[in-house]
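Colleague: If you're matching them up, the sequences are chains A and B in order. Numbering-wise, the first sequence is residues 0 to 318 according to numbering that gives the first Met the number 0. Numbering-wise, the second sequence is residues 0 to 313 according to numbering that gives the first Met the number 0.
FYI, nobody ran anything at the bench for these hints, they're computed from the structure. Every value quoted in this text rests on a predicted model; they were computed, and no experiment measured them. No residue lacks a Cβ here, since even glycine has one placed at the ideal position from N, Cα and C. Among the hints, a few may not be true.
[Claimed, not checked] Straight-line alpha carbon distances no greater than 35 Å define the calculated DSBU-like cross-link-like pairs of lysine-lysine that follow:
#: 1; chain 1: B; residue 1: K180; chain 2: B; residue 2: K84
#: 2; chain 1: A; residue 1: K216; chain 2: B; residue 2: K204
#: 3; chain 1: B; residue 1: K200; chain 2: B; residue 2: K180
#: 4; chain 1: A; residue 1: K216; chain 2: B; residue 2: K257
#: 5; chain 1: B; residue 1: K89; chain 2: B; residue 2: K180
#: 6; chain 1: B; residue 1: K247; chain 2: B; residue 2: K89
#: 7; chain 1: B; residue 1: K204; chain 2: B; residue 2: K192
#: 8; chain 1: A; residue 1: K216; chain 2: B; residue 2: K89
#: 9; chain 1: B; residue 1: K204; chain 2: B; residue 2: K128
#: 10; chain 1: B; residue 1: K247; chain 2: B; residue 2: K257
#: 11; chain 1: A; residue 1: K216; chain 2: B; residue 2: K84
#: 12; chain 1: B; residue 1: K200; chain 2: B; residue 2: K84
[Said to hold, decoys possible] Computed from the model, here is a short list of chain B residues facing chain A with C-beta under 7 Å:
#: 13; residue: R148
#: 14; residue: M152
#: 15; residue: G171
#: 16; residue: V199
#: 17; residue: K200
#: 18; residue: V226
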Amino acid sequence: MTHEKLETAKLGELAFRGATAAAASSILALAAVYAVQMTTNSWESIVRFGWDFVTGTAWDPVSDVYGALPFIWGTVVSSLVALVLAVPLSIGLAAYLSEVAPVRIRRIVEFFVELLAAIPSVVYGLWGIFVLVPFVREHVQPFLQNTLGFLPLFQGPPFGYGMLTAGILLAIMILPIITSLTREALHAVPIAQREASLALGSTRWETIRHAVLPYNKSGIIAAIVLGLGRALGETMAVTMVIGNVPLISPSLFMPGQTVASLLANEFAEVSGGLYLSALTELGLLLFGVTFILNVVTRLFVPLVSRKVGGAAEGRRQLT
Amino acid sequence: MNLFEQRRVNENGRAGSVAVGSRAMTLGSAAVAPAPAADIAEVSSSMRAASGASAGAAARAQTSTAPIIAAENLRTYYGHNEVLKGVSLKLPQRSLTALIGPSGCGKTTFLRTLNRMNDHIPGFRVEGKVLVDGRDIYAPDVDPVLLRRRVGMVFQRPNPFPLSILANVTWGLRGHGLSRKEQRERAEESLMKAGLWDEVKDRLKEPALRLSGGQQQRLCIARALAVRPDILLMDEPTSALDPRASTKIEELMLELKKEYTVVLVSHNMHQARRVSDQCAFFLHGEVVEYGPTEQVFENPQDERTSAYVSGRLG
Chain A
0 MTHEKLETAK LGELAFRGAT AAAASSILAL AAVYAVQMTT NSWESIVRFG
50 WDFVTGTAWD PVSDVYGALP FIWGTVVSSL VALVLAVPLS IGLAAYLSEV
100 APVRIRRIVE FFVELLAAIP SVVYGLWGIF VLVPFVREHV QPFLQNTLGF
150 LPLFQGPPFG YGMLTAGILL AIMILPIITS LTREALHAVP IAQREASLAL
200 GSTRWETIRH AVLPYNKSGI IAAIVLGLGR ALGETMAVTM VIGNVPLISP
250 SLFMPGQTVA SLLANEFAEV SGGLYLSALT ELGLLLFGVT FILNVVTRLF
300 VPLVSRKVGG AAEGRRQLT
Chain B
0 MNLFEQRRVN ENGRAGSVAV GSRAMTLGSA AVAPAPAADI AEVSSSMRAA
50 SGASAGAAAR AQTSTAPIIA AENLRTYYGH NEVLKGVSLK LPQRSLTALI
100 GPSGCGKTTF LRTLNRMNDH IPGFRVEGKV LVDGRDIYAP DVDPVLLRRR
150 VGMVFQRPNP FPLSILANVT WGLRGHGLSR KEQRERAEES LMKAGLWDEV
200 KDRLKEPALR LSGGQQQRLC IARALAVRPD ILLMDEPTSA LDPRASTKIE
250 ELMLELKKEY TVVLVSHNMH QARRVSDQCA FFLHGEVVEY GPTEQVFENP
300 QDERTSAYVS GRLG
């Protein structure tokens, strides 16, 4: 290689570095711009309402009073219902895929789990309206009322639309992410741990329950938190089945509204001023919570994969 | 009625429901070994017979009569790859048999067929027979979980659970129907046998991972002994340890072989020579020579064995 060519190559290398660094930093810049922009745009509302914004229950654009508690309630409750339903199922599914299933079945099931993740949110919403809502109204809610009706959670008229349905739909939507992250967490558990347990005369179940799952507990927690993050922000499908009434009710049968669904419903008709500022503050709130959740999990996850990573290599080492 | 269930029953004689419950649980993993439903009935009927007898002692008296391992024309495959090509070996009880040979010759595979540890590897297949106490352990009615309670194993790298020292030793006792106190006694007994008791007796609650490599390996031995096996498989247990820790484990092996049938895979010929009573030389998936250790090292019958033990091969 001549001297000149070497120079050009060096230059190319430099340009490549610059370009990739720019691409990487644009992400940071974007996040920063979001935060700044949303804060400035919602400043009016922040100053005006202070903490009352998150504790107030009245949301009245006509008299310009904004309290977001019912939407925060709706977001938290629907997400919790989703977690309660999705977490055991996802962990069971992940354990099956990683520990029990023969290769062929594993591939098929994994394909369908990934497929679930690829379905657009609005399709889930439509399915929710036409299939899930009637099913919940005619079967699930009456059943719950008959068996657990003494709990305030399951009282009230069976509408179909409401927190319960939104939670079920969300559970289906976050199942893929929790399952695949949990599966990865289990995959990082060294084969030696499993063999140690099996060699002591433990059953498959005992091995999974006591040797595999606890070994990477934080990886599983991270999977759950990331699933929660997704549930908190999910908009379209939830908007279509939750009923969109700003209620704070102990009953899961009652309709509710989430922060995201409120934004989706009202942004179209917003005129500006304090109303827009208040809606933007809701967005900022959601942004902040999701951001914190993600930071917390990131703090967990690398720690975990560093600790166990590499140990998984040489699985199936023979001789 | 066979020895595998017999042991299980004696261990659990006091807590009958546990035995049946976990039996049913192993039925769940039927992919590994479908156990006929009749076994359950058998277990519960003999449970009544066993109750009242002093459980532990009875179990040992029952099973110490003839724990012999015999492989008959054993062939194993990983997919299409034939690893063991017709191995026949008889291992006498209460002695230490060393399996030696170059890497990739099937020693570890052979070892792992003795407690069916290879069952979980996709594509693994066995032909021929492995008899423990005259019973084919690959017969469809043998539960590998029960088998592994009789045939313990220690691995190449120490692999304690990320738990306390005590929890490691009592790990395998889950479902044996022992009280906390009994478990604790069993742990002490096993740690003593593994020569670790004096070093850890004041810090049983500390994390096992804080121990040194050699201590961790002795902990793994204690953990295996706590289940009260008759046979102990050791897969190069000192290869990840420094010489001093290795010496300790070797001394331990000499003690263990008085009470257990020990099968040792070793890459270290000096070690094999020091601790074993008989020695099998593996090459390319076959046993080239098998005999008393003295003879294999001093007066090998096969040219390849003499090449290997003199360091000219491998």
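Colleague: State for each hint whether it applies.
Modeller: Now for the hints, and whether the structure bears them out:
{"no.": "1", "hint": "B:K180 - B:K84", "verdict": "violated (48 Å)"}
{"no.": "2", "hint": "A:K216 - B:K204", "verdict": "holds (20 Å)"}
{"no.": "3", "hint": "B:K200 - B:K180", "verdict": "holds (16 Å)"}
{"no.": "4", "hint": "A:K216 - B:K257", "verdict": "violated (41 Å)"}
{"no.": "5", "hint": "B:K89 - B:K180", "verdict": "violated (39 Å)"}
{"no.": "6", "hint": "B:K247 - B:K89", "verdict": "holds (28 Å)"}
{"no.": "7", "hint": "B:K204 - B:K192", "verdict": "holds (19 Å)"}
{"no.": "8", "hint": "A:K216 - B:K89", "verdict": "violated (44 Å)"}
{"no.": "9", "hint": "B:K204 - B:K128", "verdict": "violated (43 Å)"}
{"no.": "10", "hint": "B:K247 - B:K257", "verdict": "holds (16 Å)"}
{"no.": "11", "hint": "A:K216 - B:K84", "verdict": "violated (43 Å)"}
{"no.": "12", "hint": "B:K200 - B:K84", "verdict": "violated (47 Å)"}
{"no.": "13", "hint": "R148", "verdict": "holds (4 Å)"}
{"no.": "14", "hint": "M152", "verdict": "holds (4 Å)"}
{"no.": "15", "hint": "G171", "verdict": "holds (3 Å)"}
{"no.": "16", "hint": "V199", "verdict": "violated (18 Å)"}
{"no.": "17", "hint": "K200", "verdict": "violated (22 Å)"}
{"no.": "18", "hint": "V226", "verdict": "holds (6 Å)"}
In terms of the numbered hints stated before, the structure departs from hints 1, 4, 5, 8, 9, 11, 12, 16 and 17, listed from lowest to highest.
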